[in-house]
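Fit chain B to the known structure of chain A by using the hints.
The residues making up each chain are set out below.
Protein chains: 2
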Amino acid sequence: MINFTVGPVQMDKETRKLGLNQIPYFRTPEFSSLMKDNEKLLCKDFDAPENSRVVFMTGSGTASMEACVLNLFTRKDKVLVVNGGSFGHRLVELCEVFDIPYEEIKLDYGKPLTVNILEHYDGKGFTGFLLQLCETSTGIKYNMNLVSDFCKKNNCLLFVDAISGFLADEFSMIKYNVDCAITGSQKALSLPPGLSLIVLNEKAQKIIYENKVKSLYFNLADYLKNGERGQTPFTPAVGTLLQLNEKLHRIEKAGGIKAENKKYSERAQYFRNKLQDLPFKIFTNPEDSSNCVTALTHINPEVNVYRIFELLKDEYKIWICPNGGDLKEKLFRVGHIGTVSKKEIDTLIKAFKDLKKRKII
Amino acid sequence: MINFTVGPVQMDKETRKLGLNQIPYFRTPEFSSLMKDNEKLLCKDFDAPENSRVVFMTGSGTASMEACVLNLFTRKDKVLVVNGGSFGHRLVELCEVFDIPYEEIKLDYGKPLTVNILEHYDGKGFTGFLLQLCETSTGIKYNMNLVSDFCKKNNCLLFVDAISGFLADEFSMIKYNVDCAITGSQKALSLPPGLSLIVLNEKAQKIIYENKVKSLYFNLADYLKNGERGQTPFTPAVGTLLQLNEKLHRIEKAGGIKAENKKYSERAQYFRNKLQDLPFKIFTNPEDSSNCVTALTHINPEVNVYRIFELLKDEYKIWICPNGGDLKEKLFRVGHIGTVSKKEIDTLIKAFKDLKKRKII
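So the sequences go chain by chain: A and B.
Going by our numbering, the letters in the first sequence line up with residues 1 to 361, in that order.
Going by our numbering, the letters in the second sequence line up with residues 1 to 361, in that order.
Here chain A stands alone, though its shape is the one from the complex (with noise of 0.2 Å):
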């Protein structure tokens, strides 16, 4: 199988191997000197100011995505959440659960935000703000320097769900004044799922250390003091940290950040190049695309897209990654993320066309 969706996607051959390998035993001083390097490498990737720190949280993105919530606002607080797709809806329903008052911008799918939105919200004594970098189900990617912006005007603190957008998309904590952003193991790191991660400045570890919350797994303090020895309160996907300091230092080697950036922004603009005979619109505009992901629309709108998931799947072990709810029958979309390499794109845009001939879409 071919697999262009976003998440889990298709690893590295060196992080593969590793998969191979025993598991060590964690509760030793190598195991924690390799925790620290791992902090360190993270910090540089998301470009965190001096002093930030890392959480490394067993459990999928969303587990960071409610820890953080839960752990960086109180019912004293007023956020404002960008909704435009079904992860933004997630901050909005963890909102919800844990009584945090909020404002929700609720964006046209595909949308993206702009400053006359934004400016209905100014001067309205919002201490929070957030949003995704990339939503990953509509492919839009935000524009960071508006949100950066208010955020400073209005004193908010800033969270970023950057869970499908980091290394994928220009990100900056130190340039975009973010207090916390967050990742995936299985989205560009390309490794297992079952990891996430939640990077902190000196603010919102501060903010960590005074609330109180009703959770042990997700107490984000005691993450914070145990990661001082390079430790975690739980054991942790011990297996996965290897494979995740063995990437870093693999993406360090490449030219870091930047040189990954680039990648992703080649490899969906060469995809992007080659719908031009292809029934399908893409779903953002392309100032606002992100480079994780491309969201796709049959330019007929009675195709079941769905179906060209399943067609692709059985027929030409090739695997899309279709849409959930609303969206279902009517958006799907191919992954950038991963090692996808040119032609195995080639072999994708082959199989549309062979499908375009059979009269199927």
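Hints are computed from structural coordinates only; laboratory data are not their basis.
A portion of the hints provided could be inaccurate.
The list treats identical chains as interchangeable, and a pair is accepted whether it falls inside one copy or across any two copies.
Below, a list of computed lysine-lysine pairs in the DSSO-like style, where the Cα atoms sit at most 27 Å apart [what the hints assert, rightly or not]:
1. 317 / 36
2. 330 / 225
3. 214 / 76
4. 13 / 203
5. 175 / 253
6. 206 / 350
Just chain B now, with coordinates in the frame of chain A:
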């Protein structure tokens, strides 16, 4: 390194080989069918009553402990918690965090739960009972017959943390009237860490559907609902779930749960029989000792046993399992789970004898 810890443990070569594979996309009928198969096999291995269900939790064992306490009990309950070590203490902490009225039976480390102790709590209106099958920090296995009788008589919902005991020690949800039991991937299942499993009988499922919890990630009703179609609400540890399926089939072929119990019992006995010339004392009575792990003290209480862990690691390439907290310098543990061979046990015994010859122990 030879690994005698209690997790992550040594994995079988079949499991490791799967770690080399690419990880498939999971929102497919193929993966759903594998998950339904995992559920069926786990219910069999837990000897769970008809219509039991399994929740696949991406997280450490503590994630499942927290999810169960949060979903099964409320402020209207009054629960009894057995605290005989760090994992019993964790159950107490969870009741504290979620304001669940509780009393704790605080046992001296390594000491069994007895009829006399339980009598004291009889007829006092307890609605729930929480304990470990095996308290991993001391190696004690609790008498499930006693617990089961107490719960039947007092109409208590019975939660058993079988994280380290599952497969190693005799256990049956039917026989002991257990409503909810959990385990972790990195224990006797010998998979990578990062996945935990919750088995629920019909009564427990009903409670979960009735309770409303303040969490998305630990909302077990959502897992049960998604599980009906073989899916999870959030991206799970897909790779580990594939390894789980292969392992469960292998257990089945090798004679099922009885053969597993026998294997671990013989292995623990083999190790314990070899201790006679060494200056160690087994911390638990033979009849109350788990097959999962043997906890040992030095006959001379002045000897710092953490040093034994360090020396074995650095000079003999062997990991044993140190303790944390109060017991760090007094108690160490030798695990019997994972692919530990007689030859490897002999190597460990030889290393102990060498330390004795060197007058270190």
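Now for the hints, and whether the structure bears them out:
Taking the shortest Cα distances, residue 317 and residue 36 sit within 27 Å of each other only across copies (23 Å), while inside one copy they are farther apart (40 Å). Taking the shortest Cα distances, residue 330 and residue 225 sit within 27 Å of each other only across copies (25 Å), while inside one copy they are farther apart (47 Å). In the homo-oligomer, the alpha carbons of residue 214 and residue 76 lie at most 27 Å apart both inside one protomer (16 Å) and across protomers (18 Å), since each shortest distance falls under that limit. Proximity of residue 13 to residue 203 under the C-alpha cut-off of 27 Å is found in neither arrangement, the shortest distances being 39 Å within a copy and 46 Å between copies.
Proximity of residue 175 and residue 253 under a CA criterion of 27 Å is satisfied intra-copy only: 23 Å inside one chain copy versus 57 Å between copies. Taking identical chains as interchangeable, the C-alpha atoms of residue 206 and residue 350 are never at most 27 Å apart, the minima being 53 Å within one chain and 50 Å between chains.
Violated hints, listed in ascending order, are 4, 6; each of the other numbered hints is respected by the structure.
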